[in-house]
Amino acid sequence: MSELTRPMTALLRRLTALVPAGRREWAEAIWAEVAEVPAGWQRLGWLAGGVRLTVREAARGHRPWYPLAFAAAAAGTAWSAWSGPPGDSAVEINRVDVIAIAVILAGLAWIIRRARGPVADARLARVVRIGGYAVVLALVLAKSAVERVADAPPNNLQGPAVAWTGEAVFLAVMASYAAVILMHTARRSPAPPATMAIGTVTGIALGVMAYLLGPLGFPLRFAGPWPACSYDAAMALGVLLALCAPVTAGRAAARRADRSLPPGAAARQGAMAGLCSGTAAALAVTVLSTATIAILPYDTGLQHWATGHIGQWTPVVGQVTPILHPRLGYVAGNSAFAAGYLVVLLISPLVGCAFGAWGARARPGSRRPLATRPWPAMKRLLVRGKPAT
Amino acid sequence: MTGRPEFSAQTLSVLAALCAEPSAWQHGYAIARDTGLKSGTLYPILIRLADRGLMEARWEDEQPAGRPRRHLYRLTPEGLASATAALAYAPPPVKAQAQAGLSSRRRLSPQA
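Protein sequence lines, in the order shown, are assigned to chains A and B.
Going by numbering that gives the first Met the number 0, the first residue of the first sequence is number 0, and it counts up by one from there.
Going by numbering that gives the first Met the number 0, the first residue of the second sequence is number 0, and it counts up by one from there.
Some hints could be false.
Stated by the list, open to error - Cβ-to-Cβ under 8 Å is the rule here; a few derived chain A residues that face chain B: (1) ALA28; (2) GLY48; (3) GLY116; (4) ASP231.
The set of hints was computed from the structure by calculation and includes no laboratory data.
Each residue gets a CB set at the ideal place from its N, CA and C atoms; glycine is no exception.
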């Protein structure tokens, strides 16, 4: 057996040097205990576990593909948003937009890594972080495509000052969204994974539902009485769900909260779930709708559908008009995005947070004891391979 | 916040082992022996507990003769509160497993 344990011990010692300095003590701790473990298979098993942990920690400390993937995505977004004639305020805004967003996303990741640690060791956290960043970049891309039409003459009746103000607000909102995404997926997150999972899943479902009910941000029109009635009923149900979803998410998060937590802390968990729900919902509906609006001027089929289901509307904020055929114009100065979805992005997380906290406070006092509940299956989805702490 | 509200069965057994003597510093192999966990399972749990501020870690102060200094672990006050609450509401099989770990620990003389 010693012919196996000796090279394994040497391997563990060598691998320890590859672990980042801040985590190396854990690999050294395993090595320091080797002599205590009875010789034979038991010691070999101990060493094998140590090698596995060391390889994992070493790999975690050297993950260049995340920054590289982000850099590639940011560069791609910048390249797409950069094109346009010189002197056009919409193009200038887009250029500032892509640069500022790249700096904000990279800078916030750096700041929050120091304040809250790196991304949590859970698959869901990584998926939410990567997905959140991808959605923010996709939103910037879609927004730049929208504004290339909406803020270009003769659509920009309100002038570049309004557009620049809207841009500043948009960047501030995106910075807030990135901060929420990063904080909730960090190792020292203020919310447990279950809270984030409940809020995110609820929010995405809500956002997709809102998009389906009004892909361009406006209620749809249907010709026949039955389709119209069905749509009205779906809208009413959608509004009800939009109000209930963050409350339910907050309530669910509070139900999963530790019983030792005081009611205020349970409400905080509810608020976190509501915040995640509102943030995810706003991002989902905004990116889907903005992308649809961006495609609209170039897709004849979509234009016909929009004309049939939204109507020949006069150039009021955010509404399509056939005046600038063949490229449907958005409204002057304020695009559909700036006027409508920026408000959604601003309000949705706040409303979600408030409703989630309210839902958590309204939870029933008596709950089923944990012992009678099934052992949470969600955790197995949250954590890769090994149990959550 | 006192921590993530739910712990896995393995984490609860580690918490139970650390709770047995909250003020004492324990080393990794002793915890592994008490809980029956392999090093590849135990140490990621210890790392996560430390990352969340539920457990503190330090090296032995003095160099013992004939062996390297050990890495020692103890629950923080926050960790002790979370562990106590979690163990109180743990499902019976997990509690039984944690109790089994504690019993075996009591039979053995504590080290470090």
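Tested hints:
{"no.": "1", "hint": "ALA28", "result": "holds (3 Å)"}
{"no.": "2", "hint": "GLY48", "result": "holds (3 Å)"}
{"no.": "3", "hint": "GLY116", "result": "holds (7 Å)"}
{"no.": "4", "hint": "ASP231", "result": "violated (41 Å)"}
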